[in-house]
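Asks: Okay, here's what each chain looks like letter by letter:
Protein chains: 2
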Amino acid sequence: MLNNKIQKRSSFSNFLAITIRGEFKTEKVGFKNSKKARARTVPIKREVSVMNLQERTQLLRTAVGREKADLAVVNGTLVNVYTGELLEGYGVAVRGERIAYVGKEAGEMAGPDTTVIDAAGKMLVPGFIDTHAHMCFYCSVGEFLRYSMRGGTTTIVTELIEVSFPLGFQGIIEYLESCRNQPVKIFGVIPPMLTLSSGTRKKIIDKEQVRELLRRDDILGLGESYWLPILEEDRRMLELFQETIQAGKIVAGHSAGAKGIKLAAYAASGVRSCHEPITAEEVLERLRLGLYVLAREGETRQDLEDISRIKDMKVDLQNLALVTDGIALKQLVEKGHMEAVLQKAIDLGFDPVTAIQMVTINPARYLGLDDRIGGIAPGKYADIVVLPDLQHIKAEYVISNGRVIAQDRELRVQPKKNIFPAWTRHAIRLTKKYTPADFLIRVSGCEGPPEGGEGSPGESSPSVPGAGATASPATGSIEVRVIDQVAELVTQEARCAVPLAGGRIEADPARDLLKISCIDFRASPGKQFVGLIRGFKLKKGAIATSMAWDLTNIVAIGVADEDLSLAVNRVIELQGGAVVCADGRVLAEIPLPIGGYLSDSPLEEILRQGEEFQEAAAGLGSPFPNTHLTLMTLTSPAIPFFRICEEGLFDIRTNKRVEFVIR
Amino acid sequence: MLNNKIQKRSSFSNFLAITIRGEFKTEKVGFKNSKKARARTVPIKREVSVMNLQERTQLLRTAVGREKADLAVVNGTLVNVYTGELLEGYGVAVRGERIAYVGKEAGEMAGPDTTVIDAAGKMLVPGFIDTHAHMCFYCSVGEFLRYSMRGGTTTIVTELIEVSFPLGFQGIIEYLESCRNQPVKIFGVIPPMLTLSSGTRKKIIDKEQVRELLRRDDILGLGESYWLPILEEDRRMLELFQETIQAGKIVAGHSAGAKGIKLAAYAASGVRSCHEPITAEEVLERLRLGLYVLAREGETRQDLEDISRIKDMKVDLQNLALVTDGIALKQLVEKGHMEAVLQKAIDLGFDPVTAIQMVTINPARYLGLDDRIGGIAPGKYADIVVLPDLQHIKAEYVISNGRVIAQDRELRVQPKKNIFPAWTRHAIRLTKKYTPADFLIRVSGCEGPPEGGEGSPGESSPSVPGAGATASPATGSIEVRVIDQVAELVTQEARCAVPLAGGRIEADPARDLLKISCIDFRASPGKQFVGLIRGFKLKKGAIATSMAWDLTNIVAIGVADEDLSLAVNRVIELQGGAVVCADGRVLAEIPLPIGGYLSDSPLEEILRQGEEFQEAAAGLGSPFPNTHLTLMTLTSPAIPFFRICEEGLFDIRTNKRVEFVIR
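If you read the protein sequences in the order shown, they are chains G and C.
Using our numbering, the first residue of the first sequence is number 562, and each one after it goes up by one.
Using our numbering, the first residue of the second sequence is number 562, and each one after it goes up by one.
For chains that are exact copies, the list does not tell them apart, and a pair is met inside one copy or across any two.
Below, in silico cross-link-like pairs of lysine-lysine (DSBU-like), each with a Cα-Cα straight-line distance of 30 Å or less: (1) K629 / K823; (2) K810 / K768; (3) K683 / K820; (4) K820 / K629; (5) K875 / K905.
Since the hints were made in silico from the structure, they are not lab data.
Here the structure is a predicted model, which means the values were calculated and not measured.
With the hints as extra help, turn the sequences into a complete structure.
Replies: Here's what the structure looks like:
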């Protein structure tokens, strides 16, 4: 129940009855030129549509006094993100999901059935917007929202790439379904699905599926599109840009490391934003090019401190927004979602109103939704956060779509639970039982495939592309390419001489040379590569995950082939998840049965499993603060410089496969 | 020919050949549920479409050096409207219509066939945008552009209401056709067609025609929509709002005089802007409500000086834009178009960069076109003005869609001429010859129609609604309602006792009581009202025009019935125009044969005709600086307080017809 801060004039159930209204429009659309062609209903999200005639008329009537407001927040100090002012004695009258009136007379619009919140001494700020989230990790939307909603985040735009590889187009639709009709607004962006794996590349969503997604109101555009393929005039990517922009939607950029002419060329291609700058100078260069900059403070990167020097550069920051780029569950639970990012910006010395603009109106404009969200103004969605002051971003009330969804960090409305269908729980298409022999690295005298080519004619089991590029002796020393994990996320190519005994290369924990294996579980089930990596420092055992980025691989790292096979088999048994093994037994695991990416366990349980995983991995020697994150990113083509997939090793600078064996 | 400031590396004709490219896409659309149902081709404007894949690829190639720029502006100081910075040594590389690169290395993108402009010591600013123009007055688009283009205005959004009444839906299409493929971008907005006349109201464009317009790329939304009908929940207006916003387009507001709760209610209805505030306080109130404010400096109003105090209020001005709201031809020729408004803003003390934002990026964002125009950035249209400095808005070069269209105020590219079809020259559907007797005001004993009702059963010829509302004596004194022109545009109701002789009321120039007559020329041809007006101070003669706002009337004011009939007959003979008569002869006239609104004469000739009209009207006694403007606005429902049409007198506050005779 609402506590007495809400002067409840009607019963709470009445209030809910007024505000929980489901109006969904559906339209019939058909797949065209798609093998999976069948008619299906595409839901149009109620909460992102423009208001209908009845709502429009009701707002007018409420403002002029012909009808009463459903909710009135009175007597607060309004943070006006349009003018940058603090306006005292201001209130908001809400009708249905929208704001009917903002000003000093909101109290007059309350009737006997109106819920009234007295915000005396409080600040009224618009709901926060995260325009670049990664929600398709670990926990379901509903579990994520249990913690996100209470802090004031009322709009989230999530990448969908994580579900797109293991579950395909239908998986994207299912995930969007789980986002639909939640107490806050959730949008998706279409994954460009850049991948290292040529096998996976053949299975990505097709143009007609992209068009179907672009027709949805809950799809705002194309997700982060890495710059290098664009400069190489990647035809598919440029066509995706074209389709998206032609549909009136936005292209989210990803220009990590780009500058000067190359950055300008990338900007000319039509991208609207970049979330990758890590210094104030990089931010400024992008702002000057007319790009929106989405400054990151989340799981993979915490850039805000370095970027915060932009505030001293005396430039217009209206195209600067704050985002998480994905948030760790621990961070979500302990610090919160966008409220934590905003708090940090203020703590770093950004003017509070400027910082609030960076999580409200600026991102709304970036998304092209500033006619509906991002400010407290008539006609906009009633997404309002009541704060004690502008130094403490601790929401006392969170109002979303006109409803009080949280009060004093307690949820007043529960997020919708979603049960994913059974088919999403069978993403791992591997039936065989892996044995230690599957993780042997055999180097024989046969000729390997040409560099950058496909498949591997190697005789060894598993196939080792590049093994035997030159006729090598069965015993002695051989030089090979090794992934060198030089930082938590960054890898480099290292070249190491390793002993060859009986045509085999073994892991050598003393030199921190571990085996790494990628096994495709879906696009080319069973296709496998085994190589070497250093940096993980495991003394024994193995770790494995199905959450490998940007393809459908189980990636495993280990010392002992027995533990590697055990870890991989356990991931398969779980139909997805992350596992730590040693000495022939499973030490920790995170089951992720939906597409190998998502759990439907409570967030707290997943968090505990994650902590156990990290503890176990650290126990084996891992130096990384989030070993699972470091493991899963090894397959991504968007992080420099040396990566891996079931087809072998890849140099990210050239986007080409390279041989494991040098000579 | 271009002079030597352009380092021409190829022949000028080559340059034109490169840059004059016409690519038009057409799509078949059909009317639905419309009586005029037939398939027609709706042109999609090339210059407002998103770029195609080839253009996108060419920009990339040009920036990275694989291909050469068509045009390079080098070595200037860039006014960066995104960051607010002045960046020295900056240049722009242009390919086709778009910007491929902005930065210090633009010169490197030039090849042997590139036109290079050395902008050393010059400022580079984005092309200016007028988001609220009225171009359908007097001169054709081509003639308007001869003067507008040379000053740096590269995007114009015009109201279309003027052509919509006399020429209907097809007239709108024809007018848009004349705007299409000009050297600058011209967009239209759909006229809401609010009118005093119930006869005209039956003839306005229907919902299917509105939908057809909304599908066009050169229609950005709904034109200025007066606030009072919205607050009265005018169903048709709210449906227009709904259609427009649902189509992803904008609603231009018109909230003259609104404030407080009523203004907030109007904002809640979905309008995106208002161009009517006349003080800084009114501007601030609208900005606070999340509205874009379009500050006017044009023909009907010059608000900028009063509004300029907003600059001292220390508020964020990113939602403030400058517009003309229509510009007098004299002002256009002598001072220019948006460059004059920008110059005035700077002269009034606005920071020059802020002022430039107010005519570039701010209006682009308001229009939802900031991904394409409003800034000098990669991927945007190459709309660039080269200025000597920021205190003198005198364009040395104007580049639009990648072409140099003007240099040192001389056009380098001529606007397209448009010949309107013959049917547009027969808008005046009056065949009878008017005689002095048609302008008699007879008051008889019959009962008039009920107040606010339709038509008039009065026996007099012409019908005088309200005459005889009470049984009046044929001779003596009678109290009547008179339009009191209290300012150039503002009218009030006055009540005057006038002598009645033989059942007739005469004009009395000694008391400044003149006859005013409205004759519908199209919706209800021949329907006429004759009343009284004061303020025009004519001592003799008559003035008449077919340019009456917001309906299809010839409106005439005069002393002598002979001159009234002569003036009206001459307007009919001209098939539209404005006429001054006295002593039985025409003293001056402005022929406006296209819809009674437009001439296809050269602008200079129309200007001269206009000056002769004003001189002649002033000679007869008119105290108004622009007598024709004051005359034509008498029929508008959007200007307070007392108006007229062929049906009688209207009180604007109640939007109701009132009787001429009080008792």
